[in-house]
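Assemble the whole structure, with the sequences as input and the hints as a guide.
Chains as they are written, first to last, in the working numbering: chain A, 1 to 179; chain B, 1001 to 1234.
In short, the hints are calculated from the structure, not lab data.
The structure displayed is predicted, hence computed values, not measured ones.
Honestly, I wouldn't trust all of these hints.
Claimed, not checked - With beta-carbon atoms standing in for the labels, derived distance ranges:
hint, chain 1, residue 1, chain 2, residue 2, range
1, A, Gly136, B, Arg1200, 49 to 59 Å
2, B, Arg1078, A, Tyr155, 35 to 45 Å
3, B, Ser1081, A, Thr124, 38 to 48 Å
4, A, Arg64, B, Ser1213, 22 to 32 Å
5, A, Leu159, B, His1120, 58 to 68 Å
6, B, Pro1234, A, Arg139, 26 to 36 Å
7, B, Pro1176, A, Arg139, 31 to 41 Å
Unchecked claim - Which chain A residues stay away from chain B? Per the calculated CB distances, all over 10 Å, these:
hint, residue
8, Gly35
9, Arg39
10, Glu46
11, Arg64
12, Asp66
13, Arg120
14, Asp128
15, Pro132
16, Asp133
17, Ala153
18, Gly156
19, Arg179
We treat Cβ as the ideally placed atom computed from N, Cα and C, and that holds for glycine.
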Amino acid sequence: MADRADIETLIARTASGDRVAFSALYAATSAKLFGVILRIVSTRSEAEETLQEVYVRVWHTAGRYDADCLSPMTWLITSARNAAIDRRRRTIHGIEAPLPDPLSDTAPGPEAQAIDASDRPRLTACFDELAPDRAGAMRRAYLEGKTYAELAAQYGVPLNTMRTWLRQSLLRLRECLAR
Amino acid sequence: MSGRPYWDEDRDEDKVLAGEYALGLLPPDEAAGFAARLGENAALRALVRQWTEDFTGLSDLVEPQVPPVRVHQAIEARIFSGPARGPLGLFRRVGVPMLTAAALILALFLGIDHGPSGVHPPVAPVYRAEIEATDGGLYVAAAYDAGAGEFYVERRAGAARPGRVLELWLIEGDGPPVSLGVLPEAARARLPVAEPLRARLEGGILALSDEPSGGSPDRSPTGDVLAVGPLGTP
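The structure is reproduced here in structure tokens:
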């Protein structure tokens, strides 16, 4: 697996129109992105179409990567997740909820230091400090793109209760991550 | 529960909203309102970015899944929209009647060998790649036969330049390209894959370079890289 610097180099070369670099970027990252998308959309063919959309977009927007201040895999995974959620909500609910666009925020913020993979155990530890059902609901929201309504139904609680759960959990998580 | 109220500061509220926004949980009207605030608020954007980085850690739980080769082909077709790509477009360009083209594709996919060369495609390849030049002038299909430890390659369009040869390379991870051998003049061939390389094919890409007769005199490609294609599942 290519490391962070490799992926950044491939994105930079893709931005300059290097097709071999784009193919190498696809080869190095598409399995992870496909895995992320498959968890969110309901069929394999939708996942394949979503993956296409994501890489077509990467080709056209690679030049804006630097300004985003996200680590390269976060940028790619977030693009994949958002595209998959857009598709999921279009097909399942017929609604459109705007999702954060990792490509749209161009002004770098002072706190926007991208974390390294070495910080991942801390995330796991902080999730472990949450009540198991709340941690589970939060994981589902991220990994499966579930809405508050879906999570409420799944956990058998009113929608407002689910929202309160997750809002409290988000604050606890942020406090834990900042420790 | 601690004794203090949760929402005692606007800052806390923004942290939470940024988290809900990053997760895609905000109802559409609230998400639109939050997005409007983002434009003029760098601190708020930083909060969203921080959550985005943090949550992406959860994707470590996701098992990578190698996509089928057709996805990469479709992406290339959408980006580099020249003449129609893929086997049908190519066969149309070289003027082979459609029925023959379909039969050839079936033969490759089903592993039925109608060719005269005696070189058989694998019945159940583990990986496939479509190695195609930008202009469609060179097109080679490859399929990995895990049982034999060999790549079956079939040149379907184009050929080596006069007096030159085509050399197949594996690019994996951040290592230098590794030669898989020179393609013979025959359209179909099997190229053995060295034992240590066999476990490193997933996520790799295949590339064809233009080399002098006998192949690259160096350990890496010396001529133009003419075509590339990532390895995917069948």
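To see whether the hints hold, each was checked on the structure:
Between A:Gly136 and B:Arg1200 the beta carbons are some 36 Å apart, a value that contradicts the proposed interval 49 to 59 Å. In this structure the hint that B:Arg1078 and A:Tyr155 lie 35 to 45 Å apart at CB holds, the actual value being about 40 Å. At roughly 44 Å, the beta carbons of B:Ser1081 and A:Thr124 sit within the given window of 38 to 48 Å. At about 45 Å, the CB distance of A:Arg64 to B:Ser1213 disagrees with the hint of 22 to 32 Å.
For the pair A:Leu159 and B:His1120, the beta carbons lie near 60 Å from each other, so the given range of 58 to 68 Å is met. Evaluation of the 26 to 36 Å hint for B:Pro1234 and A:Arg139 yields a pass: the beta carbon distance comes to about 32 Å. Between B:Pro1176 and A:Arg139 the Cβ separation comes to about 39 Å, which falls inside the hinted range of 31 to 41 Å. Residue placement check: A:Gly35 does not keep its beta carbon more than 10 Å from all beta carbons of chain B (closest about 4 Å).
Not every Cβ of chain B is farther than 10 Å from the Cβ of A:Arg39; the closest lies at roughly 6 Å, contradicting the non-interface assignment. The beta carbon of A:Glu46 sits about 12 Å from the closest Cβ of chain B, which is more than 10 Å, so the claim that it is off the interface holds. Distance check for A:Arg64 against chain B: the nearest CB is about 14 Å away, which clears 10 Å, and the non-interface claim stands. For A:Asp66, the condition that its CB be more than 10 Å from all CB atoms of chain B holds, with the nearest at approximately 14 Å.
Its beta-carbon lying about 4 Å from the closest one in chain B, A:Arg120 breaks the requirement of being farther than 10 Å from that chain. No beta-carbon of chain B is positioned within 10 Å of the beta-carbon of A:Asp128; the least distance is around 13 Å. No Cβ of chain B approaches the Cβ of A:Pro132 within 10 Å, the least distance being about 15 Å, so the stated non-interface status holds. The claim that A:Asp133 is not at the interface with chain B holds, since no C-beta of that chain comes within 10 Å of its own (minimum 16 Å).
Annotated as non-interface, A:Ala153 keeps its C-beta farther than 10 Å from every C-beta of chain B; the closest such distance is 15 Å. Consistency note on A:Gly156: stated as away from chain B, and its beta-carbon is indeed over 10 Å from all of that chain's, at 18 Å minimum. Interface exclusion of A:Arg179 from chain B stands, the closest Cβ pair being 13 Å apart, more than 10 Å.
When the structure is compared with the earlier hints, violations turn up for hints 1, 4, 8, 9, 13 and for no others.
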